[in-house]
Amino acid sequence: MTAPLPSHRDQSPAVAARFAALRARPIVLDVDALTKSFPTSGGTHTALDRISFQVHRREFMCVLGQSGCGKSTLIRILAGLDSPSGGEVRLDGKRVSGPGPDRGMVFQGYTLFPWLCVRENVMFGLRMAGKSPFEAEAEAREWIALVGLSKFEHAYPHQLSGGMKQRVAIARALASRPRILLIDEPFGALDAQTRAHMQDHLLAIWRNVDVTILFITHDLDEAIHLADRILVLGCNPSRVAEMIEVPVPRPRSRAQWTSPEFLATYQRLQELIHPPMEPSAEKISIPRLTAAGDDVE
Amino acid sequence: MPTPFAPPPARLRPWLPWLSFLLPLAAWCAFSYVPFLWHPLVKITEPGSVDYLQPGALIEKAVLAEENARVLAAGGTPATGHPSNPIFLPAPHEVGLAVFKSFTTPPRRPGEPWLHQSLWHSIQIIFWGFFWSSLIGVPLGILCGVYPACSRLTEPAIDFFRYMPAPAFGALAVAILGIYDPPKIAIIFIGTFFQQVLVVAHTTRKLDPALVEAAQTLGARRLQILFKVVVPGIATDLYNDMRILLGWAWTYLIVAEYIGASSGITYFINQQAKYRIYDNVFAAILLIGLIGFLTDRVLEDLGRAFFPWKAQGRRSVLAAAFFWLRPDYVK
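From first to last, the protein sequence lines are chains A and B.
Residue numbers for the first sequence follow our numbering, beginning at 1 and rising by one.
Residue numbers for the second sequence follow our numbering, beginning at 1 and rising by one.
Okay, chain B solo, but in the shape it has when bound (with noise of 0.2 Å):
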């Protein structure tokens, strides 16, 4: 055992998060590929003299063991197949095509959103439901850390609402805001606002007082004070608090779809279970992390660009690249 909070072995080090990805898809590919681990079914591929079997129809060995005696018993030729997993763990090849397929197979039914419609539109919902929280959730949540008398006034209610799950609104906000993507966006601000207010409150209290006083005795003012001091002061600590609300308002997104009309990501997913191709909900599935995954790294290499002081000497590479591209823009 290493003795607690020792740092890793420099050799293993870089390999680590690689690892945090490859060791689960090992796994995966080891109960897709390998075939005596689990494996429960039979895929036929000669159905011998069992009447209802059919080449490609999966069937759990022990039935399968049952039938063949009887045949057996009656003189017949036994089924044969090999060994194979339910349907609904697709192996990683499969999927791995699946989300290059989904994306270049039209819809089943005209009218049906291709799959890059589907994300496109709970991107956007996301989007909506994040920026209506922020904008009113962000000031709140400063005005809140600065002044003890807007916390007092604000947060026990907000403490209150947020033990209310986002979804039992549902029901209400479909009632008020009809059936499309309004009450979808508003599950997602109900989801995020009140967690936001609090968290932003708390980081704005987090600020060194020593600093508002620097600034008090080099004669800031209120508004001042606020603008220059506290704004900036708690930026980097804002931004990293936002990258973890906006994939709070993520895990909402399916709850929120489908509500009313179910759309976007969620009305794929149903689509495709419908049809039964699990490799395509795998697939949606995935894109969703993929997507917050990404959006959350970006984000983290432009809050080196936009906040250099807190970057430790590391550089953005979207903000290098940028530059490179458009070097006009260098001053």
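If we strip away everything but chain A, and leave its shape as in the complex, we get (with noise of 0.2 Å):
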């Protein structure tokens, strides 16, 4: 008999403190009542169902929801690539309308720019902002820097491993100094390993770097070794089924996912996202097929 996990809301005093002082600081973005539907054959379909959040500056939030949930809708109309059917997106207090260079993004596709290389396309928002190339070319060396690809300065996209290109992304991004980072899937198509160490390496970033990062993702370890607080897509309509506050202490490191205050976490998760299904919902019985005697189990 194991002793019960804590709750998901317990938090140890310096904990507390934490979320106490990111309570505090100022509000970088403010959705409200997002709401986004399309018209389909048989009527309306809502995506989004009155969406309402707010980032503090420096924060690090994940959003977690099932496949098709909308967490792509959501990212895009904050970016400003679609616009909501209703409510609105501040960044600072001000409306946001169109996308712009305050919001970076880093797509769940890489999206590099084929024809530049990795120092190009680094240079490419700053060359936007009507920087010099002298000036462009020696920030976005600092960025590549940054993201441990100064080696590779001169190679193209093609000849980057996922993992690379990735980082020349999250680089790129950077580099317009971005109020906030929305990141969308990023990792999905890397191996476990890279994908453990470019979450470290984001969270490395992200600690030495002033910037606040909204992160979506499908994989609960990833939501939860990564954020300050995690917001739970519901799934039809997609509303906000709930804020969780995680109370993993930071640093955060691998060790830590077998903490009861990890795992209690990830229970809350589980049945938010994974509801326990229903006795009446559909049982699929499988025909035996095999011989009698030859068992497996």
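Any given hint could turn out to be false.
Quick list of in silico lysine-lysine cross-link-like pairs, DSS-like style, CA-CA up to 30 Å [said to hold, decoys possible]:
(1) B:K310 - B:K228
(2) A:K151 - B:K310
(3) B:K61 - B:K43
(4) A:K131 - B:K228
Hints in this document: simulated from the structure, not taken from any laboratory.
Now that you have both chains on their own, put them together as the hints suggest.
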């Protein structure tokens, strides 16, 4: 008989102090009753239903939800690439309309410009901001060093591995000094080792760079490992199911993955994301197709 | 039978492109040099008692047999000769020689152009037709690809025009532009332009929209998106489109040169056919193919120098040769 897990709401004094400090910081991104609906053949489909939340300065927030629950729709609206059907998004109190360099975006696919080398890709935003080539080049070098790709400055995207491409994409987004970095399931296509490495790399960047991060994922472990707070999106229609303050202390390490706080949070997320199946739900019965005595369990 | 889509055996692979030329050539050689393959005629060497035959004359086998039977019955000597092909199928070595000779033989009449002059004239017609078409067609195609409004405004009419065969405008072009080069350039233009707009628009629409969105989140504005993302983003595909369209333009050349005062390589071919020098006709046709083929190879090679990110590690031979000759150009 193991001791029952602590609640995911239990917070040690250190964790409680951290969240008190977080709440005291100014609000960078204010999402107010955001709604998005599409017309379909049988009426309208509501992809997002009155989503409201605030992101504080230097916060690392994860948005967690199942596939098809409007996570990407949400981040595209925040980036200004789609427009909402209702509600509004405010960045530093100013209403957002259309894409801009104050919100950096790292896309699910890599979306590096294939005709530009790593350095030119990172320089892109700086040149758009009107900086001289020399200035942009010097700044780009620093950002490339930050993601550890100085040796690959002159490589073209097709010569890089998936993880390296995503690091360039992060450097490129950071180079414009955005107020908030929007990251859409960036590590989904990477293998487990690279993904773990990239998560820690991203945490290190966030610690050392003045940037707020909104990170979309469907991976529960990833969300707990990275986030200060996790915004859980429910499905059909997508509403804010819960906002969880992750009680796992910082700095984070993989050793914490078996800590009671981590497991309690994991269990809570599990309940929210994959609710226990109702008895009435369809049960699949599998006919036995092997010979008797051929049991494997 | 190999599995569909299976790659060819590694040993065979490098030979296949050469075989694609060698096989037709081998067939041509067989029909030209193997006496019992085809050879429907007899080239007379000894006319015998057939009074109307002369050495070198070509006569059908059946007719010769009839004549010889008649002559033998009358007690004369039969005509002899060896199997031969009609004059319009010269042997490969004759054509090969003609390619060389046609450059060195002066024209029959003073004032007629040499072969190289005819070819150069044709190349100029192609160049200007393609140049004017691209000058308008490429920007218009990009605009149609980028702005749906532009596409809706122009593409239906272009779709309508492109079904009209370019040569149909020949008489009109002569009436408007005279009989010399302008109407010929106009025909190349009409033949290329409408396809070009549609092809370029299609290529532009294929650009990954995520690249445009990425640029927008990095602060790119309208014109910057057009010139810093769309144009470089489609450049490689556009380049390949242009290569295909240039080949297209060549196919309109002969028709264009027939219009008004016949000129260029068409004039050369017609004159040689009139003189019944079919070696030269073949030589000229082969030269057109050769120029087109070599141009395309050169453009493909240069493409690797222009777009290194698409070259898949293959280097441009011409660029390498250029930097070897002019090392001072290397950074």
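Taking the numbered hints from earlier one at a time, note which ones the structure violates and give those numbers from smallest to largest. none
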